[in-house]
Structures are given as C-alpha cells and as structure tokens.
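Colleague: Chain A is fixed; fit chain B onto it per the hints.
Number of protein chains: 2
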Amino acid sequence: MSKTPLSSLGEFKLIDHLTRNVKLYNNRTIKGIGDDTAAIEGDNDITLLTKDLLIEGVHFNIMYTPLKHLGYKSIVVNLSDIYAMNGHPTHVIAGIAVSSRYTVEALEEIYEGMMLACEKYKIDLVGGDTTSSASGLFISVTALGKVSKDRITYRSGARPNDLICVTGNLGGAYAGLLILEREKEVFKANPQSQPDLSQFAYVLERQLKPEARKDIVDLLMEKNIIPTSMIDISDGLASEILHICKSSNRGTVIYEEKLPIDVQTATIAHEFKIDPTTFALNGGEEYELLFTIDQKDYDKIKGVEEITVIGHITENPSQTDLISTSGNVITLRAQGWDSFRKDN
Amino acid sequence: MSKTPLSSLGEFKLIDHLTRNVKLYNNRTIKGIGDDTAAIEGDNDITLLTKDLLIEGVHFNIMYTPLKHLGYKSIVVNLSDIYAMNGHPTHVIAGIAVSSRYTVEALEEIYEGMMLACEKYKIDLVGGDTTSSASGLFISVTALGKVSKDRITYRSGARPNDLICVTGNLGGAYAGLLILEREKEVFKANPQSQPDLSQFAYVLERQLKPEARKDIVDLLMEKNIIPTSMIDISDGLASEILHICKSSNRGTVIYEEKLPIDVQTATIAHEFKIDPTTFALNGGEEYELLFTIDQKDYDKIKGVEEITVIGHITENPSQTDLISTSGNVITLRAQGWDSFRKDN
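If you read the sequences in order, they're chains A and B.
Residue 53 in our numbering sits at position 53 of the first sequence, and the numbers go up by one each step.
Residue 316 in our numbering sits at position 316 of the second sequence, and the numbers go up by one each step.
Chain A on its own, in the form it takes in the complex (with noise of 0.2 Å):
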C-alpha cells in the first residue's frame, strides 16, 4: 500500500479527497460537508449542525493558555460556524479527553468557561462525553442551531458586483499570538520573569478567549438584509475570501487600504517587523464574519461602526486581486494556518 504523507495534501485539500466518495441517503439533508455547517431540512426551519475540534500542541499550547478560556472558546469557535450560516445556535455538546496529568480541578476549569459562554450566548449544554487520553488534552465540541429557510446565507450565494463585508476588525489574534509566544520564550530563558501584557490585553484576549458575532447576525435580521454569502474567519481573510469566491465560482478584488487593523494589532506588528496586512490577511482564528450583500443594501450598513466594506465580487472567478495602498494589484493567496503543514 502506497503512504502519502498527510502534509503533502494540506488541510482543506485531504478533506476533500476524504470525503469525495461520501453517499447522502436523506432527501432532507440539503448541505452535507463543504460549508460552515451542515444544514438538515425540519418542518419549520432548517437544523444547522458543525463540530470543530481544539488539540493540545496544535490549536494551543497549555503553557499560556488558561483553561477557562479555552473551554469558552471551545464553545465560542462552534458557535460561530452556526452564526456564519445566519443561524442561532441552541445545543452543545462536549467531548473532553484528558491525560493522567490533569486534574479534576483543571476539568473543572474546563467546564466553567463552557457554561460561560454557555451563559452568554443562552445556550444548552446537553451532554457529552468525558475520557482519559493516553497523553494531551483534546476537546470536541458539536453545536446544533437553526435558521429560517428564507434567510440560511451558504458561501456559494456571492454574486457579480456585491459588497464584501467583513466584521471588526482583522489580524489581533494573530498578534496575541506572536506575544505570547515570545513571552513563553522569554519565560523559559528566565523563569523568574514577571512579564507585564496588561498593554496587550485586547489581542491577548482576541487569541485566549474570542467571541462569536451573534450581535451581527441579529443586526442582519434587524435591517432586514439577507447576505448572499457567509463565512466565518477562522483561516484568515485571504483563504476565507477564496473560499467564497470558489464555491460562488465569481472573482473578487478588495482594497488593502478598507481592511480594518486595530492600533494594538497594527503596533505589534511593526514591532514584530512584520506589515500589518499580513496580519489582517492570513492571521487566523478572528471568528469575525465575512459576507457579501447586494449593493442595495448598501445604505443599511452604512455607518455601522463593526461593518467594513472590503471591497467586491466580480464576474470572472481566476479574478482575486487585492488592490495594495500604493496602488499595486496583488493577487491573494491564502495562507491560513494549516494543521499538516511541516513547519508548524
């Protein structure tokens, strides 16, 4: 039997070559894999269901992150799939695995910042299930939600001259990332060091303990627009972007100068030597939302403070350009975080 490493494919790329072969057997089913969620026709409204998965040494590292605020993210991530399809989710369900190494105590953590968020979002937590693992912490988490059938928004809706909007702003999680890395090397230099990150703690808190755009979505609801296409930015804006543009099978082209950068992230990021695009581009984890609207829907978003017109999709779908400040056209790549990839 041949052995193809799993790096050589990339993530987006080995999920599609799995599940190419995957049979639907349900009429009710009406979006299997291929977009933030799974969308099951009810009666009434259509059932959502997504799961995304947060590994010990691959999406974060136990050193600095608190424990609370990875059970509140746990949740949170999931949340923000069932809201980037218009939805509401309802129902979670958790599954933890854990090593000998950690204790009740840390479980407990655990489940404090999921009834947290929980709490926040007004959400059931209806069950799961709770294992050893041989070594690591490894947590599952499932959300079930529901949306109306006339406003369910799938990436594959964005047509030919829509808006491309995306929520707050773009590339802070990347930068608490990048500081608390260093702070973690610092660390291990010099143990007895006392770091202060308290002029850090917005995108600290953008990496350690995210929230998902519930108020964007009952915004939408409000103004009574429906997006033609939604996704939430979990890989980066680049790669979400090309997503939409794929399963819309239409171009794009966004301006460099419209992406939202908040000062922290911008600071950070010529400290670190590094331009800020770049951050706001192929930082992951914002689980900001990035979605298209009909321009005549234009003057509903206007002037809202937490909506940033990026710029727009065109016709032709080889068309992905990114129109630099200085007037360059680049086009976009995504470089979103890859789990497989070797170098991480």
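Take the hints with a grain of salt, since some may be wrong.
Note that identical chains are pooled: a pair holds if it fits in a single copy or bridges any two copies.
As a list, the in silico PhoX-like pairs of lysine-lysine whose alpha-carbon atoms are at most 20 Å apart [what the hints assert, rightly or not]:
#  : residue 1 : residue 2
1  : Lys23     : Lys122
2  : Lys120    : Lys68
3  : Lys214    : Lys300
4  : Lys300    : Lys122
5  : Lys223    : Lys296
6  : Lys23     : Lys120
7  : Lys23     : Lys68
8  : Lys13     : Lys23
9  : Lys184    : Lys13
10 : Lys120    : Lys209
11 : Lys68     : Lys3
12 : Lys214    : Lys122
13 : Lys3      : Lys13
14 : Lys223    : Lys300
15 : Lys209    : Lys68
16 : Lys223    : Lys302
Calculated from the structure, these hints are not laboratory results.
Modeller: This is chain B only, laid out in the frame that chain A set:
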C-alpha cells in the same frame, strides 16, 4: 489550588461532578446530560443528539485494530445511543485528529469504514473536522436522530414488575478483546508467529466491528411495544442495569441462568479460567440494548430469538440482586470499564 487526581472519582462520578452546575436556557430541551442522548423538543418529533469519543491507547490499540473497522465502529457506537432512546439516527458528523505517523491512506481506511456504516444504517455523514494531533489518533463522532414524542424511551421509566430484556448475547466483545490482547503478547514475543484466529471470528467481530440494534427498534415499533426504559450496553450489563435502577429509582432481580452467552464466549471464558457470567455482567462494548417492558407485552416478545428476559424490576431501589444458578443471592456491582482507573 487543590489537585484531585482524575482516578479518584471514576468516570460517572466525574461527569456528575463536572456537570452539576450546568444550567439550561431553552425550554425545548427535554433532556440534557444524563441519558444515552440529549432530547430536544421539535414541532413534531424530538431531536436526539449524542457524542462518543474513541481514543488511541484508551479505547483501541492500533496494533490489532483494522482502521476500516475502527471507522465503522466509531459510527456504530453513536448510532447505538440513538437506538437506545427508541429513536432513529439520521446524520453523523465526524472529527478526526491524527499525528504525522498516519498516512493519507490510513485516513482513507477510517473514512471507508465510516461510509460503510453510514451506508448500512442509511445515515448521512454531513461534516466534521480533520486535523493533526501531537500524538495518537482521536475520533469524535456526533450523531443526530429523531423519535416521535410518544415513543421516546428514557432510562428513568422502569416500574415494579416490568420485565428486564436484553438483546443478542453478552460477553462476546470482552472475549474478543482478551484474545486480541493474548495474541499481541504472542506477537511481541515472536513476531514470526502466524496465529489462526478464524475459530474466534465471532467474538473478534463483536469487539472490532460491532453492530447497533436498529432491528430491535424496528421490531418494537412493529410489535407495538414501547419499552418503559432503555439503555445500550457499553459499560457492561451490571453497570447499565444499575443506571436504569438509579434513574428509575427502582430495584431489580436478575437471574444468572437467564443470561444469554454465546458458546464461543463461554469457551474462551473457560480457557481464561474466568466465569462466563463475569464476562456477561462486566464485559463492555456490547452495543446490545437493555430495556424494560410491561408484563402485558410479554406475549409480543415471547419466542423472539434476539430478545431474552433476564429478570424484573422491583419496588425497593436498594435491591439489586443477582440470583445465581445455584440459588445464591449476590448483590450486583458495576465493575464496568472506567477509562480513568489507574490499573487500565
């Protein structure tokens, strides 16, 4: 902060402890933590949701577990929980984390097994997450199902004089595990050995590629029986009977001579100098159904080969008696498998 080792509580107490403060926010949540699945009220049916983890080095040994079987089993164990609510599964979502030691071909085998189970049970695999792990293979499957409001069966409905029924036969999966563990030691001592395991085919299949009892749920419907309580046997018959008694606040009497044990299982038990009854009571991973029915329904199941009446429910919750073949009264104890136990 105090540091309580995980092994001090045991799996069930640990889960009770961790989830004691879980609050529910949706009034449609009929059942949260504490049964085979969660139950969520819909407009017509009840939605069922469940998750089981399978973890390398804890739930399976990769040395003797064919990956295709493992994929198959990861789906089946979740379907079994849905059937244990008297429901039918409709969709599954799968998360897999693997270390770089695994190849694309290895993941293909796991997916093939998953798809085979989906085909057999006519379930849709609608998504998931595939990512890398620092070490080992982790599979997390969530199953979604439904059941009509008048047929849902919890653990808590058993009433005095109800008959206790079990499907199939017991102890086979554990017998299979003992054979595999023995062969592993033989192989380690002599890697050239070519074991003939064909005589153990039945129990090996019970361990490596179990089936879920869809046929029984269909049969109960066909015969117009609604069990008063039901659970699937994943941690051993004794443990599951005690779950039903505790949830229903009732006691039980079961009869050793009634326990259904396959001849291959009994032969292996004797070979290992263990009482076959011990296999039947404490062997886990059976994925048979244990349920209670009203005595008036006895005639409907009489003569059904796959269902055995092994005892009845009693009024007094503190009575949990096993009547031995020789007529002695022995108190049932849960000695099922606990992943947190130190001697695993």
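Colleague: Under a CA distance limit of 20 Å, which applies to Lys120 and Lys209: within one copy, between copies, both, or neither?
Modeller: within (13 Å within a copy, 41 Å between copies)
Colleague: How do Lys23 and Lys68 come out at 20 Å by Cα distance, when the copy is not named: within, between, both, or neither?
Modeller: between (39 Å within a copy, 17 Å between copies)
Colleague: If the cut is 20 Å between Cα atoms, do Lys68 and Lys3 qualify within a copy, between copies, both or neither?
Modeller: between (40 Å within a copy, 16 Å between copies)
Colleague: Indicate which option fits the pair Lys184, Lys13 if close means a Cα-Cα distance not exceeding 20 Å: within, between, both or neither.
Modeller: neither (33 Å within a copy, 36 Å between copies)
Colleague: Taking 20 Å as the upper bound on the Cα-Cα distance, should Lys3 and Lys13 be classified as within, between, both, or neither?
Modeller: within (17 Å within a copy, 43 Å between copies)
Colleague: Is it within, between, both or neither when you check Lys223 against Lys302 at 20 Å Cα-Cα?
Modeller: Close inside one copy (11 Å), not across copies (63 Å); limit 20 Å.
Colleague: Pop the pair Lys214 and Lys122 into one bin, within, between, both or neither, using alpha-carbon distances up to 20 Å.
Modeller: within (11 Å within a copy, 34 Å between copies)
Colleague: Within a copy, between copies, both or neither: where do Lys214 and Lys300 come within 20 Å Cα-Cα?
Modeller: within (18 Å within a copy, 52 Å between copies)
Colleague: Pop the pair Lys300 and Lys122 into one bin, within, between, both or neither, using alpha-carbon distances up to 20 Å.
Modeller: Neither, since 28 Å and 45 Å both go past 20 Å.
Colleague: Please sort Lys120 with Lys68 into within, between, both or neither, judging by C-alpha distance up to 20 Å.
Modeller: within (14 Å within a copy, 41 Å between copies)
Colleague: Taking 20 Å as the upper bound on the Cα-Cα distance, should Lys209 and Lys68 be classified as within, between, both, or neither?
Modeller: So Lys209 and Lys68 pass the 20 Å test inside one copy only (9 Å; across, 38 Å).
Colleague: Please work out whether the CA atoms of Lys23 and Lys122 approach to 20 Å or closer within one copy, between two copies, in both situations, or in neither?
Modeller: between (34 Å within a copy, 10 Å between copies)
The structure shown violates the earlier hints numbered 4, 9.
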